Amino acid sequence: GENVEQHPSTLSVQEGDSAVIKCTYSDSASNYFPWYKQELGKGPQLIIDIRSNVGEKKDQRIAVTLNKTAKHFSLHITETQPEDSAVYFCAAKGEDAGGTSYGKLTFGQGTILTVHP
Amino acid sequence: SQTIHQWPATLVQPVGSPLSLECTVEGTSNPNLYWYRQAAGRGLQLLFYSVGIGQISSEVPQNLSASRPQDRQFILSSKKLLLSDSGFYLCAWSVLGALNSPLHFGNGTRLTVT
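Going down the list, the sequences are from chains A and B.
Using this note's numbering, the first residue of the first sequence is number 888, and each one after it goes up by one.
Using this note's numbering, the first residue of the second sequence is number 46, and each one after it goes up by one.
What the hints contain is simulated information worked out from the structure, not anything from laboratory work.
Since the structure is predicted, the reported quantities are computational estimates derived from the model, not experimental observations.
Keep in mind that the hints are not guaranteed to be accurate.
Facing chain B, from chain A, some residues (calculated, C-beta under 10 Å) [to be verified]: (1) P921; (2) G928; (3) G930; (4) F976; (5) A978; (6) F994.
Note that the Cβ used here is the ideal one computed from N, Cα and C, for glycine as well.
Produce the entire structure from the sequences given, and follow the hints as far as they go.
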């Protein structure tokens, strides 16, 4: 099955700096890569996603890049703010199974991002 | 717009007691539904998923079960809780039939088994 590795496990930056979180995946058939942000005591919220036919996607201060050959993808946050502090999860989704439109989403272990004012 | 509700938000139960966590989705029809468990604030483990009423698939063997009595209702249960069942339980939904539909999570239930 799919295996997703996420690094670093913790990341501390100063306000205004950039933050980069990297993930690798094992299943070359995976074709969808979302990123989630989880604040304390809440469920994860989707912040950006990328599909395998795209190499880069940007949404204001966040961007995701995908290298399918190397099987890795990264989240980039520029001009970080204290409210960016949270746990970030990457995930990878493989092919749908049996025509049920369910494709298992495998999550990385998360990165605790702390942005210091 | 679509919303997902989970309750209760927190729960403390003694070992051996039963469990019932409920999740409902509004604003969409025929969603895929999921139960995840998150231990120690990290790592999301898929427990169950459902592609329709009465259709439940289990990802890992465990002390828990799931049911989907209605299209937008998903219930996580146990007959007798174990200490190891403590954790943060998250319900999620995605669009059935849509390629690479993202997961939308509820705000979770913090379960402590004492």
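Verification of the supplied hints:
no.	hint	in the structure
1	P921	holds (5 Å)
2	G928	holds (8 Å)
3	G930	holds (3 Å)
4	F976	holds (7 Å)
5	A978	holds (8 Å)
6	F994	holds (4 Å)
The structure fails none of the hints (numbered hints given earlier).
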